[in-house]
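Chains as they are written, first to last, in our numbering: chain X, 127 to 462; chain A, 20 to 247.
Keep in mind the hints are simulated off the structure, nothing from the lab. Don't take every hint at face value.
Unchecked claim - Which chain X residues face chain A? A few, computed with CB under 10 angstroms, are given here:
#1 ASN168
#2 PHE237
#3 VAL268
#4 GLN417
#5 THR420
#6 ASN423
Backbone N, C-alpha and C fix where the C-beta goes; we use that ideal spot for every residue, glycine too.
Take a look at the letters that make up each chain.
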Amino acid sequence: MISKYWISIILVFVLCAYQITTEPLFKVPVNWPKPTYDFSKNPLLKEKVELGRVLFYDPILSKNNTISCASCHSPYTAFTHVDHDLSHGIDDRIGSRNSPTLMNLAWHRSFMWDGAINHLDMQALAPISHPDEMGETIEHVVYKLQQSKTYRSLFYKAFKDSIVTGQHTLKAISQFMLTLVSANSKYDSVMRKQTVFTTQEKNGYTLFKQHCSVCHTEPLFTNLSFENNGLEVDSTLNDYGRMKITKNAMDSLKFKVPTLRNIEFSFPYMHDGRFKKISDVLNHYTSGIHQSKTLSNHLQKPIVLSSNEKVDLTVFLLTLTDKSFLFNQKYSYPKK
Amino acid sequence: MKISSVICILFILLNCVCFSQTKSNIYFQSSFGKEKLVSNKFYHLNSKDSIEISSVKFYVSNIIALNKTKTVWQDSIKYHLVDVLNGKALLFQIPSGITFTQIKFNLGIDSITNVSGALSGDLDPTKGMYWTWQSGYINFKLEGSSNVCPTRHNEFQFHLGGYQYPFNSLQTIFLQAQSSSTIYINMDIYKIIQSINLSTTNHMMSPSKEAVLFSEKIIESLSVSYDK
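Chain X with its partners taken away, still in its complex shape (with noise of 0.2 angstroms):
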């Protein structure tokens, strides 16, 4: 009888382990759209992951080995830059734009502010080769980690090739950012029907799908088109956004809508980091709008919100913090 109550346990204990192991490396949320990453031509492993995770965190793919990937997008903070309004690279050099936060991008079909990067695999390019990020080149990078033993080993375990290619390193480092999905917030529980909004977090969703939804779409908190948000040109800066991809200037002033997920943590705001607060934004909103002939068509009406619209709406922009994704020990500096 004894030994039977001790069996059933140990059952129990391998089940729970093989749960465990076996939870997927990416899931789509319930009711979420289809990603637009093909998984098949980057099909996730667990090594390919561990690999990118690692990439991710180390300075080795900057010129002088002091900044990595993290650097700029740190995991407590949804993967951006706080505290600076302009992000900075190598030799403290500072960049012209304020890093983006890191989620949920396998359902993006662009990449940057302006959309310069046409596929996750390709966006490490990018600040690798910057010369006030990280300063390196592709080639150089590639060849700093044949050197290692230690990368030797993972790309073996990875791809079964100890060869380190352009394309597995920047197919390692895409697998890692998929698995980045925000997913868990209180407001997804409320979509859920787990829980139920506060009155007053009710009346700022209401407001926020009256006033923002139609660019800060659900369940994304962004359409991920480029539009113009009213925002005068920095004179010391002169970013014309999209303009400078296109060449056309229909595209002039447009930036890439950024997600409102996990907002709380994602300051300071806007492409140059101009807006330290959620109350500077919403101020802009509704009395900062910069004429200019590219402005979005959603902004040409005024948007009019009292104080207390403000406080309603700000209390549910904080419904979409995700501590479950913040805080994730998958997503952290990996441990040796």
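Following the hints, position chain A against chain X.
For chain A alone, kept in the frame of chain X given last:
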């Protein structure tokens, strides 16, 4: 119907007998006018100006052989990076028994491949033919220096690429060619340089209207010759 089929078959047989007894080796090469293109050499542009070419790299993709309009052969390797001055030449073979009248290929990388993420081999971004600040392959790279360039170190750099409308710089090229043991497809860099004014046009580094126009000029620099 029947008679025409018979004539057609006879014609094909005749063609086979006449032209296709040997396999065709096709070499892609570059020259500067009538001279062989090499690095560290100054070539005359005219009586007083000279030019040095330091890099010629480009993609040749989707090579097919056509008989009139019908595809009769397709290269099994879809993408080739040609690096003229570093000995990475392009040679391909069309087997014997295949009759063709034209060779068709793309100079550059098609748009679907441009949006397909990280790729391997000649398409690996470590080959230096991928833009990092804005996604997309560089279809054609030509670098060098000339006293006519009023630039730093008299250098010129042309990185031609772009896969999206209206700046798609990919060129589809048709060349008249027929079976022969050795076929040369020659790219004359002198002709390419002659098609622009180096003193005013010496940098192209992003998809643009100018890059599209310049890419079209490259077609005129190509010619076919045979080794008899």
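Hint by hint, here is what the structure shows:
1. Interface hint status for X/ASN168: upheld, as the beta-carbon distance to the closest one in chain A is roughly 7 angstroms, under 10 angstroms.
2. Interface restraint check: X/PHE237 against chain A, minimum CB-CB distance 9 angstroms, threshold 10 angstroms, status holds.
3. The beta carbon of X/VAL268 comes within 5 angstroms of a beta carbon in chain A, closer than 10 angstroms, and the hint placing it at the interface holds.
4. Checking X/GLN417 against chain A by beta carbon gives a least distance of about 29 angstroms; that is not within 10 angstroms, so the hint is violated.
5. At its closest, the beta carbon of X/THR420 sits 19 angstroms from a beta carbon of chain A; the interface hint therefore is violated under the 10 angstroms criterion.
6. Interface hint at X/ASN423: violated, since its Cβ lies 23 angstroms from the closest Cβ of chain A, which is beyond the 10 angstroms cut-off.
Checked against the numbered hints given earlier, the structure breaks hints 4, 5 and 6 and satisfies all the rest.
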